[in-house]
Amino acid sequence: MQIILVSNRLTTARTITIHPWHLAGALFAFTLLVFSLASAFSFITLKHASEWKLPFIDELVTTARNEEIARSEQFVRENINSMAIKLGQMQAQLIQLDTLGSRLAKFTGIKPPEQPVSTGSPGRGGPLINDNPLAAADLEAQMKHFSDLLSQQDDYLGVIESELLLDQASLSLVPSTLPVVGSAWNASGFGWRIDPFDGSRAMHEGVDFVAEVGTPIIAAAAGVVTTAAFHPQYGNMVEIDHGRDLSTRYAHASKLVVKQGTVVRRGQKIAEVGSSGRSTGPHLHFEVRVKDVAQNPKRFLELARSIQPAGQKQASAAASQR
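Quick note, the sequence shown lines up with residues 218 to 539 if you use the working numbering.
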């Protein structure tokens with residue numbers, strides 16, 4: 218673009234050529250000047266607004282401040298509501314754990330942990346009629362309190378679980394499972410009796426279960442086989458050590474299916490009914506011994522009705538079908 222300048226003092230006309238970059242530079246300089254003036258005006262206005270007492274400026278500042286306060290209050294309110302919900306959930310969970318702990322305490326005899334007792338002012342109470350939410354600090358303090366109680370209750374339930382596992386392990390070693398599934402109670406009980414061979418009065422140190430030859434004989438409890446061999450009196454016999462000086466004997470078998478050193482579980486097949494040794498017919502002679510002293514097996518076997526889990530009964534039934 219060209220501009221022609223004409224003046225009375227000039228003998229000839231003067232031509233000035235303006236390039237596009239000249240216009241762009243001028244426009245940029247003008248924009249920068251306007252922006253700088255606007256920024257300076259805003260800074261000066263805001264800085265001296267309180268001194269000048271300009272109503273519209275005060276209104277803008279107040280509105281911005283109120284919006285910021287409202288956003289902050291909304292954020293705090295949402296967080297307090299979230300904390301209150303979590304506090305209610307923790308309280309409900311604690312009530313459930315307290316109830317469960319009280320029930321389990323009756324079975325294990327372990328006393329539940331005592332709740333902390335306040336040593337401050339005497340007890341006060343009554344209905345609360347107040348729609349003001351708890352402060353964040355109060356909620357945080359209560360959440361910490363309930364968190365400590367939940368941790369304490371969790372430790373207590375862990376102790377109970379350990380005790381129950383120990384009890385379960387101990388019960389698995391008690392010979393309470395009938396060694397011949399489906400057999401009649403017994404043909405000859407524990408105690409003094411008339412010997413079937415010579416008619417003399419003799420001590421019978423076990424109980425006899427009448428069953429057909431080949432009927433599975435199962436372990437009355439878990440343990441380790443210490444004897445699996447023929448004995449002149451007992452015939453083919455299996456003896457199992459259950460620990461704590463407790464052992465069981467299974468005599469007069471027709472066949473042994475375990476050997477010395479075998480680790481057996483409750484209900485596992487160990488032999489088959491027969492009439493080997495000093496016997497008048499097919500049956501199982503079953504003994505329970507403590508420190509090698511014969512005990513009445515009936516005392517142990519009757520426990521099966523009250524403590525033997527259903528799974529063990531099913532295992533026994535399955536073993537009898539093998």
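Treat the hints with care, since some could be wrong.
Claimed, not checked - Here are the simulated DMTMM-like cross-link-like pairs (lysine to aspartate or glutamate), alpha carbons at most 20 Å apart as the crow flies:
no., residue 1, residue 2
1, 515, 458
2, 508, 422
3, 508, 462
4, 476, 489
5, 303, 355
6, 472, 412
7, 361, 422
8, 303, 415
9, 303, 276
10, 486, 458
11, 515, 371
12, 361, 429
13, 476, 422
14, 486, 429
15, 472, 489
16, 361, 371
17, 303, 357
18, 508, 458
19, 303, 284
As the list claims (entries may be wrong) - Computed spacing ranges between beta-carbons, pair by pair:
no., residue 1, residue 2, range
20, 446, 497, 16 to 24 Å
21, 461, 430, 29 to 37 Å
22, 281, 253, 20 to 28 Å
23, 284, 255, 47 to 55 Å
24, 497, 408, 16 to 24 Å
25, 478, 449, 50 to 58 Å
26, 241, 293, 49 to 57 Å
What the hints contain is simulated information worked out from the structure, not anything from laboratory work. Every residue gets a Cβ at the ideal spot worked out from N, C-alpha and C, and that includes glycine.
Item checked: Violations among the numbered hints -> Checked against the structure, the hints that fail are numbers 6, 7, 8, 9, 11, 12, 13, 19, 23 and 25, while the rest are satisfied.
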